[in-house]
Amino acid sequence: MTAIAHPDATAGYQASAREQATHWVRQLVVIVLISAILLPIAWIFLTAFKTPRDVYSISSALWFTPTFENMQTVFRDPWNLGSKIVNSLAVAGGTVLLAMPMATMAAYAFSRFDFRFKQAIFLIVIASQFIPAAVVVLPYFLMFKEAGMLDTRTALVLVNLSIVLPYAVWMIKGFIDAVPMEIEESAMVDGAPRSRVIWEIVVPTALPGIITAAVFSFTLTWNEFLFALIIGKQHALTLPIGLIGFRTERGDLWELMAAGGVLITAPMFLISLLVQKQFVGSLTAGSVR
Amino acid sequence: MFPMRRIPAHWLLLAPALLFVAAMALFPLAYSFVLSFREWKLARSVTPGDWVGFQNYWYLLTDDPDFLEAIQVTSVFVVSNVLATLLVALGAALLLNRAGRINTIARVLLILPFVMSPALVGISFRFFLNGEYGIVHHLIGLAFPSMVDTIWLADSTLAMVAVVAADVWHWAPYMTLVMLGGLASIPKETEEAARVDGASAWAVFRDVTLPQLLPVISIVLVLKTVFALKAFDIIYTLSNGGPGRSTQTLAYFVYETAFNYYDMGYAAAAAYILTAVLLVASGFYLRLVFKK
Numbered sequence: 001m002t003a004i005a006h007p008d009a010t011a012g013y014q015a016s017a018r019e020q021a022t023h024w025v026r027q028l029v030v031i032v033l034i035s036a037i038l039l040p041i042a043w044i045f046l047t048a049f050k051t052p053r054d055v056y057s058i059s060s061a062l063w064f065t066p067t068f069e070n071m072q073t074v075f076r077d078p079w080n081l082g083s084k085i086v087n088s089l090a091v092a093g094g095t096v097l098l099a100m101p102m103a104t105m106a107a108y109a110f111s112r113f114d115f116r117f118k119q120a121i122f123l124i125v126i127a128s129q130f131i132p133a134a135v136v137v138l139p140y141f142l143m144f145k146e147a148g149m150l151d152t153r154t155a156l157v158l159v160n161l162s163i164v165l166p167y168a169v170w171m172i173k174g175f176i177d178a179v180p181m182e183i184e185e186s187a188m189v190d191g192a193p194r195s196r197v198i199w200e201i202v203v204p205t206a207l208p209g210i211i212t213a214a215v216f217s218f219t220l221t222w223n224e225f226l227f228a229l230i231i232g233k234q235h236a237l238t239l240p241i242g243l244i245g246f247r248t249e250r251g252d253l254w255e256l257m258a259a260g261g262v263l264i265t266a267p268m269f270l271i272s273l274l275v276q277k278q279f280v281g282s283l284t285a286g287s288v289r
Numbered sequence: 290m291f292p293m294r295r296i297p298a299h300w301l302l303l304a305p306a307l308l309f310v311a312a313m314a315l316f317p318l319a320y321s322f323v324l325s326f327r328e329w330k331l332a333r334s335v336t337p338g339d340w341v342g343f344q345n346y347w348y349l350l351t352d353d354p355d356f357l358e359a360i361q362v363t364s365v366f367v368v369s370n371v372l373a374t375l376l377v378a379l380g381a382a383l384l385l386n387r388a389g390r391i392n393t394i395a396r397v398l399l400i401l402p403f404v405m406s407p408a409l410v411g412i413s414f415r416f417f418l419n420g421e422y423g424i425v426h427h428l429i430g431l432a433f434p435s436m437v438d439t440i441w442l443a444d445s446t447l448a449m450v451a452v453v454a455a456d457v458w459h460w461a462p463y464m465t466l467v468m469l470g471g472l473a474s475i476p477k478e479t480e481e482a483a484r485v486d487g488a489s490a491w492a493v494f495r496d497v498t499l500p501q502l503l504p505v506i507s508i509v510l511v512l513k514t515v516f517a518l519k520a521f522d523i524i525y526t527l528s529n530g531g532p533g534r535s536t537q538t539l540a541y542f543v544y545e546t547a548f549n550y551y552d553m554g555y556a557a558a559a560a561y562i563l564t565a566v567l568l569v570a571s572g573f574y575l576r577l578v579f580k581k
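Protein sequence lines, in the order shown, are assigned to chains C and S.
With my numbering, letter number 66 in the first sequence gets 66, and the count goes up by one each step, no holes.
With my numbering, letter number 207 in the second sequence gets 496, and the count goes up by one each step, no holes.
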């Protein structure tokens, strides 16, 4: 028989029929895997450009005349996704802008100093990411109610900051740990103050880590749902909360929901593909590389 | 002389983050704990009511069938979810852990479900399973004619399957990436040596790959358990805890008790039982990660 070289085979090695069969089965399963990821996403993206009539008819599942009506409708009353996009951007942007300096400073201290209870304090910071939302959402609600801060973007920034800080500290610390201490030491011997050393040496070298942490924090905040649901009423509604608004007394408005889904998803896809390599370690913070 | 000079630099650097964690994580945690020993129906009074000792906990554990059902639902959800994620992620990682154009494409795509809003994932799955025009409902009807008239989200078992499937869809690709990271750190030589010695593919996997992958597998296992215990968005948007209470997990139970029935003290006690479980799981996780 004519054997085709197996992609993994070393030169001169002829793949047996059985190995070839396994190879094709593998390829097939990978294609199934890719479809399982892409088809649901594609279906939502297609639905966003369908008329309601096409949504409800299986025969026009793939063949339909695309319409941009939904994309326009979601920006009009009563949906106003425009203001929700602004809120989401403000909350996610504000959270990242506050979180990065705080996390970088803390990460530097954990990485470069020895002090009492360092391990314990670090563990408490890291462990705070495991506090279930269900247990803190009550106090948040009552605290913000008391302070008159319900339905404000500030409240959402504070809440999201508490979610992303532990991740950010952990991720950035991993990167600072990898920066050799000698450069900093020689700069300090030359009399540079600590603040300048951090700003001019540590931050630039740990920048890839800080950027990854920023993107990860932005994604978490952009998609955050439970706190936004409880804190937002009309002024501080974010995009994920906007999505559930398409479930009305008249039933679900799927084509509008899909249009909103495209708006919330597309930017995340773009930035995640840009930093996809670094993203993997984000939850396990370098314990798995 | 600046008074700041006397405070060591590391405390100044740590202060913003630590004060924030104290105010926004530790304080609410303590607040909830105190609340769990009080009776407070927010609909009737804006200030906390009487101290009731362990009464909230006692009612939850002995006298509230809804809570006991929530524990049962949570167990089913967490166990099936974690096992399914683990198997899919391990299988996919072993499959993708070799060169090839199609594998490269697949590895790039793995990040997409993870960065999608879980709320959107839940809504989308509800759309796919809709009994009249849902595409998945339709395709399953074609493959299994007996299920043409099945309304997925009206059946308590199928609703659970749907919720688990949506969460696995959201998480398994990311966990595959984590597993691929683990596989990449295994030296190729040991596997090749075993293969040269004539070991079968299965034997190589069982005796060489799997033992070295075990640390990563345990991290995935515990991490997914933690996130399954915390899961809320997908359940809220996909099944709303229903039909009945068949997909109402502990996290959902707390939400409903607090924000639909405004029973704050009771909700806090339920939340603390969930926290206790999570504390154990997180302890395992931190031990795994900091073992080195």
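Hint data in this document are derived by calculation from the structure and do not stem from the laboratory.
It is possible that part of the hints are untrue.
According to the in silico footprint, chain S covers these stretches of chain C (three or more CB under 8 angstroms from chain S) [claimed, not checked]:
id, region
1, 29-41
2, 47-58
3, 96-110
4, 136-142
5, 151-165
Partial chain C-side listing against chain S, Cβ under 10 angstroms, derived [said to hold, decoys possible]:
id, residue
6, P78
7, F130
8, R247
Only pairs whose alpha carbons sit at most 30 angstroms apart, straight line, appear in this in silico DSSO-like list of lysine-lysine [as the list claims (entries may be wrong)]:
id, chain 1, residue 1, chain 2, residue 2
9, S, K330, C, K233
10, C, K233, C, K145
11, S, K519, C, K145
12, S, K519, C, K233
13, S, K330, S, K477
14, S, K519, C, K118
15, C, K145, S, K330
Note that this is a predicted model, so its numbers are computed, not measured.
Every residue, glycine too, gets a C-beta built ideally from N, C-alpha and C.
Hint check results:
Counting residues of the region 29-41 of chain C whose C-beta sits closer than 8 angstroms to any C-beta of chain S gives 10, which meets the bar of three, so the coverage hint holds. Only residues whose C-beta sits within less than 8 angstroms of a C-beta in chain S count toward coverage, and the region 47-58 of chain C has 5 of them, enough to reach three; the restraint holds. Taking a C-beta to C-beta cut-off of 8 angstroms, the region 96-110 of chain C contributes 8 residues in contact with chain S, enough for the three needed, and the coverage statement holds. A count of 7 residues in the region 136-142 of chain C with a Cβ less than 8 angstroms from any Cβ of chain S is obtained; the coverage claim is therefore met, three being the minimum.
As drawn, the region 151-165 of chain C meets chain S at 5 residues by the rule of a beta-carbon pair under 8 angstroms; at three or more, the given contact holds. With its C-beta approaching chain S no nearer than about 18 angstroms, P78(C) sits outside the 10 angstroms limit, and its interface hint is violated. Hint on F130(C) holds. Least Cβ distance to chain S is approximately 4 angstroms, under the 10 angstroms limit. Of the supplied interface hints, the one on R247(C) holds, with its beta-carbon coming within about 8 angstroms of a beta-carbon of chain S, less than 10 angstroms.
A C-alpha spacing of about 21 angstroms is found between K330(S) and K233(C), which places the hinted pair at or below 30 angstroms, so the restraint holds. For the hint pairing K233(C) with K145(C), the CA-to-CA distance comes to about 12 angstroms; that is within 30 angstroms, so the pair holds. Of the pairs offered as hints, the one joining K519(S) and K145(C) holds, with about 24 angstroms between alpha carbons and a cut-off of 30 angstroms not exceeded. Distance check on the hinted pair: K519(S) and K233(C) sit about 24 angstroms apart at the alpha-carbon level, within 30 angstroms; holds.
With a C-alpha separation of about 62 angstroms, the suggested pair K330(S) and K477(S) falls outside the 30 angstroms cut-off, and the hint is violated. Between K519(S) and K118(C) the CA atoms are separated by roughly 28 angstroms; this keeps the pair inside 30 angstroms, and the hint holds. With a C-alpha separation of about 15 angstroms, the suggested pairing of K145(C) with K330(S) holds against the 30 angstroms cut-off.
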